Structure formats: structure tokens, C-alpha cells
Amino acid sequence: MSTAALAPEWLTAREIALCPCGCIGKRRKANFVEKTIIGAANVLKQAMFSADVASQPGLLQRIQPAVKVVTMLALLMATAVVRHLSILVALYAATLAIAVASGLPLWFFVKRVWLFIPIFTGVIVVPATLNLITPGRVVIPLGTWFGHSVGVTAQGLTSAGLIVARVATSISLVVLLTLTTPWNKLLAALRTMRVPKMFVLVLGMAYRYIFYLLETVTDMYTARKSRTANHRNNTSSGRAFVAATAGATFGKAHALSIEVHDAMVARGYTGNARSIDHFQIVKRDVVWVLACSVTIAATLGVNYALGS
Amino acid sequence: MHIPDGYLSPATCGAFGVVMVPIWARAGRGVRKVVTSRYVPLVAIGAAYCFVVMMFNVPIPDGTTAHAVGGVLIAVLLGRWAAVIAVSVALLIQALFFGDGGVLAFGANAFNMAFVMPMVGYGVYQLLTRRVSLTSPRRAAAAGLGGYIGLNVAALVTAVEFGLQPTLFHTADGTPLYAPFHLGQTIPTMALAHLAVAGFVEAILTAGVIAYLQRANLPVLRINHSGVATTDEDLVAAPKLGWRWIAVGMGTMIALTPLGLVAPGSAFGEAAPKALNLRKYHLNAVPDGLRRYAGWWHHTIFNGYDFANDKHPAIGYLISAVFGILAIAIVIAIVLGSLGVYRRHQRPDRIPA
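Chains as they are written, first to last, in this note's numbering: chain A, 4 to 311; chain B, 6 to 358.
Hints were generated in silico from the structure; no laboratory data involved.
Computed from a prediction, not measured in an experiment: that's the story for all the values here.
Ideal Cβ positions, reconstructed from N, Cα and C, are used throughout, including at glycine.
A couple of the hints might just be wrong.
Unchecked claim - Reference listing, derived: stretches of chain B covered by chain A, where coverage requires no fewer than 3 residues with Cβ under 8 Å from a Cβ of chain A:
| # | region |
| --- | --- |
| 1 | 6–18 |
| 2 | 103–112 |
| 3 | 115–121 |
| 4 | 131–144 |
| 5 | 153–162 |
| 6 | 206–213 |
| 7 | 316–330 |
Stated by the list, open to error - Between beta-carbon pairs, the in silico distance windows are:
| # | chain 1 | residue 1 | chain 2 | residue 2 | range |
| --- | --- | --- | --- | --- | --- |
| 8 | B | LEU173 | A | VAL198 | 42 to 50 Å |
| 9 | A | SER229 | B | ALA221 | 21 to 29 Å |
| 10 | A | PRO138 | B | GLY232 | 29 to 37 Å |
| 11 | A | PRO138 | B | ALA268 | 44 to 52 Å |
| 12 | A | LEU118 | B | HIS287 | 45 to 53 Å |
| 13 | B | HIS287 | A | GLY146 | 32 to 40 Å |
| 14 | A | LEU118 | B | TRP301 | 42 to 50 Å |
| 15 | A | VAL268 | B | VAL26 | 52 to 60 Å |
| 16 | A | LYS48 | B | ALA30 | 30 to 38 Å |
| 17 | A | VAL126 | B | ALA290 | 41 to 49 Å |
| 18 | B | ALA30 | A | ILE284 | 50 to 58 Å |
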């Protein structure tokens, strides 16, 4: 199955010299110009990839966006109150199953979720497993430190497992929602959920113009890169360039906001936002809501039964 | 500083969500009043700009790069209430579309980065730019300092949110349910990272953009600075803070100094190590160094703010206060004099280099 039906191949392919393992070409630290260009390209890539996946047939793609938003929020809250690792692992497994049913490439989905927040979380909670930070029953003694015995506690390990599993499950739920819902449908869903229209309008316009501004910034950075002969960094001139680029971008953004306002007024904008979205709940949405309700009820029930 | 879902308890997330609702409502009113119908595109593109600013890699020594948040920059450019909305929208887009920062934790993230940061940073900026012209270098420096302080206060608030989790939310056997580190660990860690690196990155970007706009695009700075004089020459002479008021303030403080007599004992046995409550600090004896160096310097004029063998302690305090203030004033006058501050004020016709 093609994962990128619409995104051009050159956009999703890695540049040869930038291979992170250093196996092709000479590896060197990317400087701020390259990092910003790559960062902007990644945002674009992610957005286009989401659009590609959202347009493919699959389980979640067929559910009404508003229904999806509400059920995902409910599942997120259920994940947040769970106090047992086993339940969190089960919930995480369920997100994997839904990802497969929605036609998401499994490895991609796992990578997207785990890189980089859950792994980062796992690293930073390592010290918290020691009895110095989380006191409790020591299961792995590690010797003494300034006369205090140091060791990994059962409480610390459980806590680390809980937070990593909870973070991974929560991110999976959000990624499932955003990958299977085109952004304009997501905004329309927010409108039907009685989020203030003005707020949704601002959100939609902001999302749209992020890509315009990113293009402007990428152009300026590419121009800089193509004029730079060597890779030695001059930090202070680099900072001056970043400040000037950010300042110039603000000038352009402001000019753009005036033009957009004029265009809106020319099309009859008087300060009220209107939408033409109409959602109809069908049978499969009801089934989805029921399935989610059962999952949440089971999660909370088992969580309660296992006690605190 | 983006908090992902899972670090904070649902109760904490809910509380911050509830706190943010009136703040957003107030921000909406505040912005609409200033820019009326142009409000939607201005705030929307402000939010898009904020998102883009968060992507700028700022080069720092050692060839590495770091990101800025830009909350204070947006506040200086568009006003603090517009910044609240713009940064919130940028954070929501990051959370919803790019999985950066939690969806349930959105309220807490918005409180830290979209409310605390622009409000504190902009407050500092305003405090330092009263009666400063639009093109003055002080304005860019003030924006930079605002960015530094705003980011650090936001980091402190974030550290407190994390640090309260293990105390408030744990199981019966002490297993932390959410972020496991205590206040004693979160605050120093966050403070170190933000005071040493991230704060400077924020300051450099904020000050740099303002300095650039002062040179290249002054009309854009006018959006949030209408009525500010363009150059130093256009400034209307400020009514000087009268000597009388300074004297009244100083006099009040001098008159209040005997209040110190009300406090019992001495802090950590500073005057008499024997009076130290050893058990309170888990000590067996007075520490060697403290015993040796206590009272090492005897050549004081008013030993222990004393006067006439402590017959009139209140008068001793008052006289000590007057002497102290005079001594400090003389030192400041000498320092300023040696820096040539007075001379510059006396010759306003001097052409700046």
C-alpha cells in the first residue's frame, strides 16, 4: 500500500548527506540554517502525510469527525484516571488495533508515537525509580551513597511504567484522531461542538497561514544557504540573521493580515463567521460510540475493581 | 516546556482549563476593543507567526541550536491580550495537528506559555520603557529582559505544576501516579536549564527582532505603540520625581527600622553562636567555622546597631539607618561621578557618536 499517494517522493525521501547514521557521506552537525529548513519541511511533510492517510479508506476515516473528537477526548480522560499498568497496556494495544483497522502502516504509527516524547519520558524518569526520589520497597539494591543505601524501588518502577505507558497511549489517541481526519473536517467538528465560531475561524486561518509563513521563511533560509560557501558557523552573525528573518517575517505577516482582511470584507465579511457544514450521525457512528462507551466503562470498572 | 498528556493528573488539567476560560474571554474582549473588525485576521496570522517563531533555530555557542517560545515577542508586537490568544492558538495547533504538547494538558500549557509568560514579560518591558522613545536601544534591551524573565517565570510555574504531582497524586503504597519528581527536584532542574540557556535564547530572539524592526520597519512596531515618541528628541520632558518624595520615602523607611526589635532571637545564630537551637538543625555542636569566625570583625561604629551601650535600642536603630543611607548615597555618588554620568546630563548638546 502506498503511504504517500499525494505527497511527492522527493519530499518524503531523506537527503543522502543527511543520513543520521553517517553511513553515506560525511556526517556533520547540521547548522541552524539547515535545521530550520528541515524543521519547516517536516511540518509540511507531516501535514501532507496526514492528508494522504485521512483520504484513504479505513475504520476511523468513516466515523463522523465530531463523534471522533468527543470519543477521543473521553478515551483520553479514561486513560488519565487509570492507576494500573496492565489496563494502560491493554488500552495501548487497542490503539494499535485501531491503527491497523484504519489502514495506518503499523511501524510508522509506532515510530510516530514513540519518537520522541515517550522515549524521552522513559529516560528522564530513570532517576525517579531510585529510593532517593521515590521511597519504598527496594527491589534492586545498588550499594550505598554517602552512608545511605541506594536502590531501585518497586514503587519507582511502577510509577515509571505508568507514566511512560500513559504518555504513549495518550499520544496514540491524539495521533489516531489527527491522522484520520482532514484538518478542515476537524475544524468543522469543533464548530458543531459549539466551540465559539470566532475561535474556530482564527484557528483555521492560523493553520492555513502557517504554511504560507513557513514557505516565506524557507525561501529566506534557502537563499542564505545557497550564498554560504563554507560550513563554519559564525554564531553572532547567525543570531543577527535569525532576528532579521523573524522580524521581516512579522512585517510580511502583518501586511498579509491587512490584505486578508480587505479580501474578507470584499466578500461580505461583517465580523460574523458562517459555516456550511452539516453533519449527519449514521449507524456506524452509533456503533463506534457504543464501542467506545463499553471500552471506557470496562476500563473504569477494572480500574476500580483492582483498587488503589 | 510543552507538557505532554500523562504528566499531569486529570484534576490538575481540569483546574487549569477552568482557570483559562475567563482569561481567554477577557483576552477576546481586550483584543476586539483595540482592533475591531481586523481582529480575526490579525490574531490568526499572529498565531501562525507564533507557531513559525517556535520553529526558528537560534544558534548558540558550541555549534548547537535552541528554540524560543516567542510569547513576550508577540506581546510586545501585538499587545498582551492578543498574545494570550495568538500563543494559545499556536499551542492548540501544535497539540492537535502535530502532537506537540498534550490535548488534556492544553489548559496548563496555555496558562504557562500563553498567559504567565506574555503577562510577566510584557509587564517587565512596560516597566522599563516608560518615557523611552520608540527607536531607543533601551526598548530592545527591555524586550530581551522581558523575554528572559517571562520565560523563567513560566518555567518556574511549570516546575511547580510537575513538582506537586507526586505529593498530591499517589497510591496507598506511595507509588506516584503522574510525574514522579518532587518540587525540590523539578524547580532546580527547570531553573538551571532556563536561567542558563533557554532564557538567553528567548532574550536574544526577542531583543533581536525588536532591534531589527526599529531599524527596518518602524510602522509595524507602531501597532502596539501608538502615541510613543519616535526619537529621544521628541520626548516631552518628564516631570522629575521630586527630592521631597524621595525624602518622604526614605524617612518612612528609617522611621520603621525599630520594627526589627520586635523579632526574637537571631537568624542562624549570626550574632551569638551559643544561642543557636542545635536540635532544630539536627546538629550536635556549634559548627567549627561558625564558632571561629563569629564576631571576627570588631571594628564597627555601631556594633549590633547599638548606641550608648544599648540603653536606647530604638534610637540606635534610627541612627544606624541614617548613617547607612548616607554611606550608600556617598558610594553611589562616587561611582556615578567616576562613570561621568553627571557630565553627560550637563551637556545635552553633545553630538552622539
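Here is what the structure says about each hint:
Given a C-beta distance limit of less than 8 Å, the hint that chain A covers the region 6–18 of chain B holds, as 7 residues qualify and 3 suffice. Counting residues of the region 103–112 of chain B whose C-beta lies closer than 8 Å to any C-beta of chain A gives 5; at least three are required, and the coverage claim holds. Under the rule that three or more residues need a Cβ within less than 8 Å of chain A, the assignment of the region 115–121 of chain B is violated, with 0 such residues. Counting residues of the region 131–144 of chain B whose CB falls under 8 Å from any CB of chain A gives 0; the rule of at least 3 is not met.
By the rule of at least three residues with a Cβ nearer than 8 Å to a Cβ of chain A, the coverage given for the region 153–162 of chain B is violated, with 0 such residues. Counting residues of the region 206–213 of chain B whose C-beta lies closer than 8 Å to any C-beta of chain A gives 4; at least three are required, and the coverage claim holds. With 0 residues carrying a beta carbon less than 8 Å from a beta carbon of chain A, the region 316–330 of chain B misses the three-residue requirement, and the given coverage is violated. At roughly 30 Å, the beta carbons of LEU173 of chain B and VAL198 of chain A sit outside the given window of 42 to 50 Å.
At about 22 Å, the beta-carbon gap between SER229 of chain A and ALA221 of chain B stays in the expected band of 21 to 29 Å. Remark: the range hint 29 to 37 Å for PRO138 of chain A to GLY232 of chain B is contradicted by a beta-carbon distance near 59 Å. A beta carbon spacing of about 36 Å between PRO138 of chain A and ALA268 of chain B contradicts the range 44 to 52 Å that was offered as a hint. Look at LEU118 of chain A against HIS287 of chain B: about 47 Å separates their beta carbons, and that is inside 45 to 53 Å.
The hint said 32 to 40 Å for the Cβ distance between HIS287 of chain B and GLY146 of chain A, and at roughly 25 Å that hint is violated. Roughly 59 Å separates the CB atoms of LEU118 of chain A and TRP301 of chain B, a value that falls outside the hinted 42 to 50 Å. Restraint check, VAL268 of chain A to VAL26 of chain B: a C-beta distance of roughly 30 Å breaks the suggested window 52 to 60 Å. Checked against the hint of 30 to 38 Å, the C-beta distance between LYS48 of chain A and ALA30 of chain B comes to roughly 37 Å, which is consistent with it.
In this structure, VAL126 of chain A and ALA290 of chain B meet the distance hint of 41 to 49 Å, their C-beta atoms being roughly 43 Å apart. Checked against the hint of 50 to 58 Å, the pair ALA30 of chain B and ILE284 of chain A fails, with Cβ atoms roughly 31 Å apart.
Violated hints, in rising order: 3, 4, 5, 7, 8, 10, 11, 13, 14, 15, 18; the structure is consistent with all others.
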